[in-house]
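Take a look at the letters that make up each chain.
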Amino acid sequence: MSSLAIKHGAINLGQGFPNFDGPDFVKQAAIQAINEGKNQYARGYGIPDFNAAIAERFKKDTGLVIDPEKEVTVTSGCTEAIAATMLGLINPGDEVILFAPFYDSYEATLSMAGADIKCITLRPPDFAVPLDELRSKISKKTRAILINTPHNPTGKMFTRDELNEIASLCIENDVLVFTDEVYDKLAFEMEHISMASLPGMFERTVTMNSLGKTFSLTGWKIGWAIAPPHLIWGVKQAHAFLTFATSTPMQWAATTALRAPDSYYEELKGDYLAKKQILEQGLKDVGFTVFPSSGTYFIVVDHTPFGLKNDIEFCEYLIKEVGVVAIPTSVFYLDPEEGKNLVRFTFCKDEGTLRSAVERMKEKLKRK
Amino acid sequence: MLKPPNSAVPNLSHRAIICNAINLAEGFPDFPAPHHIKAAGISAINSDFNQYRHVQGICDRLAEILRDTHGLEVDPLTDIAICCVIDPGDEVILFEPAFETYGGCISLAGGVPVYVALDPPYWTLDAKKLLNSFTNRTKALVLNSPHNPTGKVFTRDELEVIAGACRMNDCLAVTDEVYEYVTYDGIKHVSLASLAGMQERTIITSSLSKTFSVTGWRIGWAIAPALIASTIKNIHIRLTDSAPAPFQEAALTALTCQPPYFESLRQDYESKRDFLVKLLVGVGFRIRSKPQGSFFLFAELPENCLLSDVECVKKLIEEAGVVAVPGCGFFPSISCPSEDSHTVAGNQFNYQNRFIRFAFCKSDATLSSAALKLGEFMKAVGPLG
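From first to last, the protein sequence lines stand for chains A and B.
When you line the first sequence up against our numbering, it's residues 24 to 391, in that order.
When you line the second sequence up against our numbering, it's residues 26 to 410, in that order.
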């Protein structure tokens, strides 16, 4: 898609990373670290001060008090936290429940770990968790369930009721929970809830997050996992053999970043909300069926009003004839058929880019 | 399942901190990285190279270097993946002593590490031993040259033996060449992939870390035939997705350094090596195999010394204020005794417990302090043994 996009000079609302850069105070902190000679191996599971900052932030967000030395592992991005969690805690043949659509590294790393994947599909319009199906698929044989909230690609946020229901099933069947919360600071329509903060859940949850989305520095690859010692052990062991240590100067900068005042997060949310409104209204005006997105910087829409056969064909048409890029969502499902009516747009772009994209689509996309 | 970490080492690290010991254990520099490389990293951050990236320029430059240095032709678009090939039950041959991570990675992939001992005191390759270690389950062989912990640089003859064995058994080779620019006495590093019939079956790995003193930047690469490279890329994308973006930009600057940079790197490390060799010989260590590459020295305890490597390191921490790494950790086929266990008389004299690894990637000030401390230790206690 990317090379096609470049060839046609298309506006890229497909790639899930900003076309603007991170805040100066964080970049300067990295530069300072480089100049101060912080360029050698960091401690494998994280620089002590960074681990402490992660623990402080987690307490602010969830109220939970954790031990930064025993309950935090720093990884090279949340992608590596996921890989380390799967490889460190899942044995071949273990049953793991996944919600589709899902970020592609979940399935890949579960396969590497030899897991037996049980998939539950979230469906439009609200992508609610089908609780009956969940109850039928979770059992004492289930080793873990993976939850991504706020959710890529749909923008769904798991509600307190949904999380409570999942929690009680996990406690009943002794199931672990792995949560990917990288978009937690981009929660617009409701408050983000960490599974680990529910009663009885911290002891069985690995909570994963990263710097990239919150601070628009996706290329720095700074992530982390938080879990009780008996679970962190597995993550730490796998991490030692995956990347061994994470970028040192960036960890120092991340320490500064995580101690940013509330005003930073408020401004971030405000900026993204404005962008969301431009894209959401724009997509509605163009004629897509737009599904409500509560969080992340993604919006998923139904493209079928425009008469293309499936999501891949629609995206190719969108690039070549309209000059805009979106992502076909079928790639996020075990069974691609389930995603063929949907495509994902992102609004992590400057407002000018978003408006231009909307204009192009208004001009050239016609409902059939 | 992954083996738990060596239990002796963390306790010694803790002791070393308490005793404020001079660190000749950790394999990373305590002097600054080159100014122009740091400046390149800083410039990249300021120029907004901070989102997910693939920097094709690095691949292009690596292809040039491989052609100019080893006579290898690689396609920078398909053969270079910036970060596998093991199926469960596959055997992978490794040379012992070995950097401890290789075994863990192989086990993580479901493979079986098979260790072939290099023969002390010169760590020579026994061709027969190597050939006998191949079975019909052997999938690959790992070669680290220049070698951590011994500093050995595999000779062309040895490389021919290894290449011949790989070709005969149709297996892959994975090379770790991170110390490729740190060689001494005019010895040139030869890449296994440059031997006949090897490019098609070799995965070359290396990094910026040791050459440019930026071990914390996490920039490395793998070079392999297109099919294997694309597999590596597929997996890499799902494990970490990309290396830190600003440092990839800085890598472009680093990889276009001219020969004088590498010459002065070599010279600096060579003089540190010579300083440390003299120092340790003075303390009583036997150094029959002087490092030909890397910045590690594998020093042998004197014959009449009754201590094991772990006990000796403990003594050096507590009484000399200098820390190094017990060699037993590099012999995964034996286990390191914990420092509190009673050593069985026979065990003390197995060669795997008779070596200590010193790192000399340290500033002249650090090495001089170490010399001072060891000098005082000698006066008080006498030479080891």
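Because the hints were derived from the structure by calculation, they are not lab data.
Note that CB positions come from ideal geometry on N, CA and C, so glycine has one too.
Any given hint might turn out to be false.
[Claimed, not checked] Here are the computed lysine-lysine pairs in the BS3-like style, where the Cα-Cα straight-line distance is at most 30 Å: (1) A:K82 x A:K61; (2) B:K297 x A:K61; (3) B:K258 x A:K141.
[Unchecked claim] Partner residues aside, some chain B positions facing chain A, computed with beta carbon under 10 Å: (4) T126; (5) S234; (6) W242; (7) N259; (8) I260; (9) Q273.
[Unchecked claim] Label-pair restraints from in silico Cβ distances: (10) B:H79 x A:E79: 30 to 36 Å; (11) B:S358 x A:E59: 52 to 58 Å; (12) B:S289 x A:G86: 54 to 60 Å; (13) B:D93 x A:H253: 50 to 56 Å; (14) A:H31 x B:H79: 16 to 22 Å; (15) B:H79 x A:K343: 22 to 28 Å; (16) A:D373 x B:G96: 37 to 43 Å.
Notebook entry, point to check: Hint by hint, which ones does this structure get wrong, listed from lowest number up?
Noted result: 11 and 16
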